[in-house]
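Colleague: Each chain is listed here by its residues.
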Amino acid sequence: MTGLITMDDLTNEEILSILDDAERLLPVARGELYLPLLQGRIMGNLFFEPSTRTRMSFETAMKRLGGDVINLGDVKTSSVVKGETLFDTIQMVDGYTDIIAMRHPRQGAAQYAQDAARVPILNGGDGAGNHPTQTMLDLFTIRQAHGRLDGLKVVLAGDLRYGRTVHSLSHALTRFGCELIFASPTLLQMPAEIVSDLREHGATVTETEDLYGSIEDADVVYMTRIQKERFADEDEYARCAGAYKLHAKHLGDVKGDMIIMHPLPRVDEIHPSVDETRHARYFEQAFNGVVARMALLCRLLGVTVPADVNAQGGVF
Amino acid sequence: MSNEQSMRRVTAIRNGTVIDHVPSGQALRVLEMLGIAGETSVPVSLVMNVPSKKLGSKDIIKVEDRELTQSELDRLALVAPDAHVAIIRAYVVAEKLSINLGEEVVNVVRCTFSNCITTNAREPLAHRLRVVSRDPLHLRCHYCGRPQDLDELVKNAL
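In order, the protein sequence lines correspond to chains E and G. Residues in the first sequence are numbered from 1 upward in steps of one, following the numbering used here. Residues in the second sequence are numbered from 1 upward in steps of one, following the numbering used here.
These aren't lab readings, by the way, just hints derived from the structure by calculation. Mixed in with the good hints there might be a few duds.
[Said to hold, decoys possible] With a straight-line Cα cutoff of 25 Å, these simulated SDA-like cross-link-like pairs (lysine to any residue) come out: (1) E:Lys82 to G:His127; (2) E:Lys82 to G:Leu46; (3) E:Lys228 to G:Pro124; (4) E:Lys82 to G:Leu137; (5) E:Lys249 to E:Thr208; (6) E:Lys76 to G:Gly102.
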């Protein structure tokens with residue numbers, strides 16, 4: 001394994017083993033234990049487009065493990081604005097660091113960077129392409145709640161057309177034999193080529209516009225933001241955005257252990273009344289970004305996470 | 001009708017290239033892919049939809065005074081991977097060239113997706129398309145992973 005560009009870079013066994021590592025690293029991620037497994041290592045954070053959670057959680061993950069981080073900083077004041085190619089930027093950062101986390105507006109940029117680099121690349125999102133570290137934290141959150149990944153019924157709702165998060169996640173869930181329900185307005189349906197690809201890989205997929213009728217026997221409801229910037233027509237956006245507003249009152253008949261997830265930021269698709277229910281998991285999910293990325297950093301840098309972190313870690 | 005009779009629909013050429021066993025109806029796409037369409041100073045003859053024992057029907061192209069290069073053969077592999085290419089010198093077949101469509105097509109065409117990282121012409125790494133299936137031909141960009149539309153791809157020859 002060189003870097004992590006798409007979920008295809010990991011076998012199911014590797015996914016589960018990395019999630020096990022992440023589980024053990026939880027006290028380190030919470031700051032309860034000091035375990036400098038990555039002391040002396042430097043990560044390059046190359047975010048060519050805006051990011052809050054992904055960038056900050058990568059940085060937190062590295063620092064919790066005793067490593068250091070250098071940042072590209074604002075693209076507008078970096079050499080990128082002077083016309084530097086991605087190839088040249090990577091050549092430079094490759095020399096400064098041991099691993100690179102990156103996000104780029106162009107699809108394929110992460111694979112391109114991996115081909116140009118000596119160090120591993122962690123893809124933090126490339127255009128509408130892949131976002132595998134988000135998928136790893138999503139899988140971690142699902143397994144944490146249900147104790148397993150296989151055979152679950154998962155509803156993915158909202159903008160399924162443009163959301164790279166749901167594309168990567170639905171591929172991964174298919175590999176674990178989950179049943180998928182895609183709930184979206186017609187305009188924002190999962191791309192047909194992805195649906196047929198999933199079906200070719202044995203997925204059971206149902207497409208619907210009816211979110212509320214789909215959640216009753218679901219194990220996971222994964223909401224996404226309907227992105228205003230994708231619509232040319234304001235009225236059309238208003239109709240789509242209004243289609244999904246999950247409120248606590250909709251959760252009366254759902255399974256007791258059903259969880260609601262969201263990659264955040266949310267707008268109106270999850271009402272704050274849901275936050276107080278036992279189903280809400282999106283803030284834990286955001287926190288899990290740190291622990292999942294810690295486990296990935298260790299794996300890609302060839303550092304073994306000890307079986308008993310308490311025995312090796314120090315307290316503050 | 002025999003193959004020889006099909007070939008005789010156009011006159012024999014003294015020097016140049018004959019591309020035979022082009023899938024029926026694909027001759028114009030082959031010419032476009034080879035950059036021979038439209039303005040060209042060499043005589044080009046083509047017959048389309050002639051009977052063929054092997055393919056049922058086929059197209060044949062004859063390009064005079066021009067021998068296909070390896071990079072042109074690589075491009076041909078994307079539109080007519082089973083075509084037969086013969087170099088003619090002094091009316092006789094001097095060389096038979098084989099078309100090889102490997103597992104990857106490197107620096108032959110550019111990815112057709114407008115937001116692919118390779119659309120920046122200044123990026124120096126090779127343009128790479130993976131051959132996902134050969135029949136029917138399906139290609140995906142090595143970098144962005146997008147499936148490639150062959151009609152679009154013809155316009156993206158390097």
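Colleague: Taking the hints in turn, state whether each one holds.
Modeller: How the hints compare with the structure:
| no. | hint | in the structure |
| --- | --- | --- |
| 1 | E:Lys82 to G:His127 | holds (24 Å) |
| 2 | E:Lys82 to G:Leu46 | violated (50 Å) |
| 3 | E:Lys228 to G:Pro124 | violated (35 Å) |
| 4 | E:Lys82 to G:Leu137 | violated (40 Å) |
| 5 | E:Lys249 to E:Thr208 | holds (21 Å) |
| 6 | E:Lys76 to G:Gly102 | violated (42 Å) |
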